[in-house]
Amino acid sequence: MRLRRSRLYVPGNNPKMIPPAGLYGADVISLDLEDSVSPEYKLDARMLVSEALKVVDFGPNVEVTVRINPLSTPFGRWDIRQIVCSKLDGIYIPKVETCEDVLRVDDLLTEMEEKKGLEIGRIKLFATFETAKGILNAKEVAGCCGRLEGITIGAEDLTADLGGERSSDGIAIHTSRQLVVLAAKAAGIQAIDTVYSDFNDMDGLRRETETIKKMGYDGKACIHPSQIEVIHEVFNPTQEEIEYSVRVKHAIDEAKEHGSGVIALGKKMIDRPIAIRAEKVLARASAADIPIPTWESIKEKMEKSEGGI
Amino acid sequence: MNELEWVVNGIGRKVPKSIDGKELIPYSGPFSHSPVKDHKYGPILGYVADQKSEIVSTLFEAIQKVGLKDGMTISFHHHFRNGDMVMNMVIDELEKEGFKDLTLAPSSTFPCQEETIIRAIKGGVIRKVEGGSARGEFGRLVSSGKYLDSPMVIRSHGGRVRAIEAGDIHIDVAFIGAPCADELGNLNALNGPSACGTINFSYADARFADHVIAITDNLVEYPAFPMSISQELVDYVVVVDKIGDPNKIASGELRITKSPTRLKIAKDAVRIADLLGYVKEGMNFQAGAGGISLAFTEFLHQLMKEKGITAHWAQGGTTRFLVDMLEDGTVKKLITGQAFDVAAIESMKENPKNHVDLPIGAYANIHGKGCTVNKLDIVVLGASEVDLGYNVNTATLSNGIIAEPVGGHSDTAAGAALTIITVPLFRGRYPVVVENCTTVVTPGETVDVVVTERGIAVNPRREDLLERLEEVRVPRDLRICTLEELQRMAYDITGTKVEPNWGDDIVALIEYRDGTIIDVVRSVLPRYYDDAVFVDDRNLFDIERREN
Amino acid sequence: MEKIRILKEATAGTEEREDCIVRLTPAEPGTGIKVEIEGKSRDIFRDEVIPLIEGTLKGMGVEDALVWSRGRSPLNFTIIARVKAAALKAGELNEA
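Residue numbers (this note's numbering), protein chains in the order written: chain A, 3 to 311; chain B, 11 to 558; chain C, 4 to 99.
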């Protein structure tokens, strides 16, 4: 699955901000037709994003997505019909509450892909839960559609719907966050967290990103390019994690070769969770284009520093 | 001008065989043309007798004493950049005294001089311009084809020195703005309220002009050290109140660009130089003062510290970013062609053992016996356009108007082992990577890599670099592509490049560093919609092209 | 592709940098597409922008319209988008 550590929102009616959107290093960009565009500009924004998608090059490694308006609004349907093109990689559906909300988009998407002669199913979907009802339906929604590759939460609207308050410890949406990641992983898709709106507070961003990473989230949305580096630092495996994972993998491969049922690394037993974790670390490192050292080079390095593994 | 005979030169540009009776030599390659004459030109001799002072009380007196006449050639340096007051002062005086038909031969010109120069040209005081550059309104005037009878000759820094030494530019009177002078004419640029660090651009002028008049606002007791330009070359010294505006001469605080596009370009330029193997112990490089250049210097500094390597020497366009590298030992020695900020000037004063200045000829003249550009490992340069042949335009904008200097561009590109052009893919509605440059200043044979924010292209002539890229691990976010791909990407966004509305007259000759003609610039006609002539492109280059 | 007739005046775009405002006004049949670009008189790009606007409108089936535009160095995709948006509003059609 794709690396989606960072997802940068780009206001959809702002011509100046669209061409450079792919230059900041974000894994995903979301050209926004929804909350950052006021109703009288929805048509302007839709046409602007649609035209931009035809000619602007966002870079080979960037996932180009659009956050459309909900289908329940007068705009959503026209958004989809207008923006579907070969450069579009994904669509984010806001305010999802039921499987219907996703499946209707899926159908319309298929219709447009057919109409425009594009590969059916190439454009992926992402659902955002912003209400209590949506969160509680996350389990069903997460598994309802083949195109759905990730789910996210919209903290601002969700907190309002709950009647709660936003706070730096995120207590209001704590359970919602966990439910979303549970739903995502049960369905085998990704979970992406909401934005951290104070883009001057890098420490706060880092803390929050570390927390959600520990929960199992795969990425985080951002509203300002300066946030991307911090988010990537948190999500990227460290050199130590990578080296350890290489050693684990080697131990597993060695054990297989010798037909040994018991796998050990030094004094520690390698059981399934550790093995899975190592695989994920290496997959993330590889996707992030971080060089993975060979087992031999790690062995050499350790022998030099402490005299033995 | 339509009766001119044309010939196609070594990069496929049509250039005239002769102009105004003077034969021209077409460009045929970066290292194909050695000097025509085998001796340097020589100025007239002086006679100091037992004079103990060369101070005269007024500029007018100095002009009279050297016997300046109508039709002569006068020269200036541009070390005071947009804070210069010398050129205006002199031209105003010449205008007042009724001089006519002079040839102006500055090393470069700046916006603060435009009004004066334009007035002088329209009034017949100046009728020809040699070398240096033209920008802004002055550039527009040259491009209009009106007022100047013969084409302006545009040269690189090294090329200007070549021309002076060969006598192609015969300077009758060189006016040298000197931040520090003594009564016999020892000059330097390190001390005084208008200190600018170096007066290297006057070095050749001082040696080859028939007469040299120094203008200073800081007369010191004899002898003035250092003797950057020494007394045996200077005829007269004039003391005035102010020769420059210190705030515009040396910046107090040069800042790195904040533009994400430019930062990315600078970062990727460092990364590609590293990937290609040029960032290593003992390396050297040239720095500039434009927005991308400063960022490049800063990122290079960080990388070198990470790798624990040092550079033997570096050359600038010196700013505090380069000085920082000298002070923390990342760079061992610094050579300064021109100083851009106070830190650079202070460093030259405090650290002469490791930081020196160098005459421009020693920096870039190909018809000399050795120049530092030949020893350069890496140079990073800007451009207004780059075309599919890797040729570079820095003289005109895409609309054909003369707007920027050549500076040391073609000199460094020819000499450096790795020449990197750092440019955004497009500027506003102008594509920067184009099919054919409007004007060629630096030939593609001397350009190795083009770095834009959306991709990097390596000149196919450099098979060694392409091979190297096969061998190393190229990070996924460094996108190596062909220049054709970049050009298509640019045209997709901006539309096809609009060709200039060329007129018939030749308004400028682009002379390559060896004296051959690499391209010509024609006049530009007004568009038919209105009679206002030219696009307001003042901001097109903003902070990028501050050097030169 | 349905033809769009400009039925009322409509505007799209903003005064921001790299954007343009496009205003379409109905015109008598037979007028054709008349484009007026306001802005710095020194605008070398009119030669490109006017055909671009005309072409975009013709591609939508518009035959008669008065177009007024003022911009701050918009790129082509922005101009096309603003023209299309104005046309869709002016023709009271939401068809893509």
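Calculated from the structure, these hints are not laboratory results. Please note: incorrect hints may appear among the correct ones.
To be verified - Derived BS3-like pairs (lysine-lysine); straight-line CA-CA distance at most 27 Å:
| no. | chain 1 | residue 1 | chain 2 | residue 2 |
| --- | --- | --- | --- | --- |
| 1 | A | Lys306 | B | Lys317 |
| 2 | C | Lys6 | A | Lys56 |
| 3 | B | Lys79 | B | Lys252 |
| 4 | B | Lys268 | A | Lys18 |
| 5 | A | Lys117 | A | Lys187 |
| 6 | C | Lys6 | A | Lys18 |
| 7 | A | Lys56 | C | Lys92 |
| 8 | A | Lys306 | B | Lys156 |
| 9 | B | Lys24 | B | Lys79 |
| 10 | B | Lys47 | B | Lys62 |
| 11 | B | Lys268 | B | Lys252 |
| 12 | A | Lys89 | C | Lys37 |
Since the structure is predicted, the reported quantities are computational estimates derived from the model, not experimental observations.
Hint by hint, here is what the structure shows:
1. Lys306/A - Lys317/B: holds (21 Å)
2. Lys6/C - Lys56/A: holds (23 Å)
3. Lys79/B - Lys252/B: This hinted pair holds, its Cα atoms lying about 26 Å apart.
4. Lys268/B - Lys18/A: Roughly 16 Å separates the two Cα atoms, so the pair holds.
5. Lys117/A - Lys187/A: This hinted pair is violated, its Cα atoms lying about 33 Å apart.
6. Lys6/C - Lys18/A: With Cα atoms ~31 Å apart, Lys6/C and Lys18/A exceed 27 Å; violated.
7. Lys56/A - Lys92/C: It holds: about 22 Å lies between the C-alpha atoms, which stays within 27 Å.
8. Lys306/A - Lys156/B: With a Cα-Cα distance of about 76 Å, the restraint between Lys306/A and Lys156/B is violated, given a limit of 27 Å.
9. Lys24/B - Lys79/B: violated (36 Å)
10. Lys47/B - Lys62/B: Status violated; Cα separation ~38 Å.
11. Lys268/B - Lys252/B: violated (34 Å)
12. Lys89/A - Lys37/C: violated (33 Å)
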